[in-house]
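Given only the sequences and the hints, what does the whole structure look like? Please build it.
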Amino acid sequence: NAGVMQNPRHLVRRRGQEARLRCSPMKGHSHVYWYRQLPEEGLKFMVYLQKENIIDESGMPKERFSAEFPKEGPSILRIQQVVRGDSAAYFCASSPTYQETQYFGPGTRLLVL
Amino acid sequence: DQQVKQNSPSLSVQEGRISILNCDYTNSMFDYFLWYKKYPAEGPTFLISISSIKDKNEDGRFTVFLNKSAKHLSLHIVPSQPGDSAVYFCAARDNFGNEKLTFGTGTRLTIIP
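First to last, the protein sequences are chains A and B. One point on numbering: in our numbering, the residue at position 69 of the first sequence is 53, and numbering is uninterrupted. One point on numbering: in our numbering, the residue at position 50 of the second sequence is 621, and numbering is uninterrupted.
I should point out that these hints are in silico values taken from the structure, not numbers from a laboratory. Just to be clear, a hint being listed does not mean it is correct.
Claimed, not checked - BS3-like cross-link-like pairs, simulated, lysine-lysine; straight-line CA separation at most 25 Å:
hint, chain 1, residue 1, chain 2, residue 2
1, B, Lys639, A, Lys28
2, B, Lys639, A, Lys11
3, A, Lys28, B, Lys609
4, A, Lys55, B, Lys609
Here it is in structure tokens:
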């Protein structure tokens, strides 16, 4: 049973470009979570999605960031007009249902030049 | 406001001895706690969890203790092995039905052969 898949593993963007991060949850998991880890910090919650629905986006910056989890295909975290402060590791996690353990993917390391 | 605190950034323990990692929290609404282990350039790996209705949970070499009155939990690893060298994160979830996890800043554990 494959774990949570994230791609790309590394992404380099110049300021003002767009970054798209993809996450495929574990088989049988329909709940997806995105977290961000800045250097020397813990993981910070960004958004929680179920298929075609955003359930909790309380951790998402108000501008430039969006997330989706379509009926078919992976979850996408999209960052428009990236700035240097967006450089971080972005982790996706999934769980089979509510109140279950979240299992994490390997992360995407975004570097903004 | 850091609601989950891991006050020791690093810890070194001799192989074969007990490793004790500590975590404090301030939010009395937290009712479920997890420990994750993280190697460099990888995602967090789930280790063990505990519900607030318990004060201890064991899984092999790993035991988590919860002291609700002190808002403190600890992870014991015994005996410690070289492969346990990693960063350990404590995480908590509240009882309002929120799925998001609040993480501490991590403790880097080094096992000395």
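A quick look at each hint next to the structure:
{"no.": "1", "hint": "B/Lys639 / A/Lys28", "result": "24 Å, holds"}
{"no.": "2", "hint": "B/Lys639 / A/Lys11", "result": "35 Å, violated"}
{"no.": "3", "hint": "A/Lys28 / B/Lys609", "result": "15 Å, holds"}
{"no.": "4", "hint": "A/Lys55 / B/Lys609", "result": "31 Å, violated"}
Checked against the numbered hints listed earlier, the structure breaks hints 2 and 4; every other hint is satisfied.
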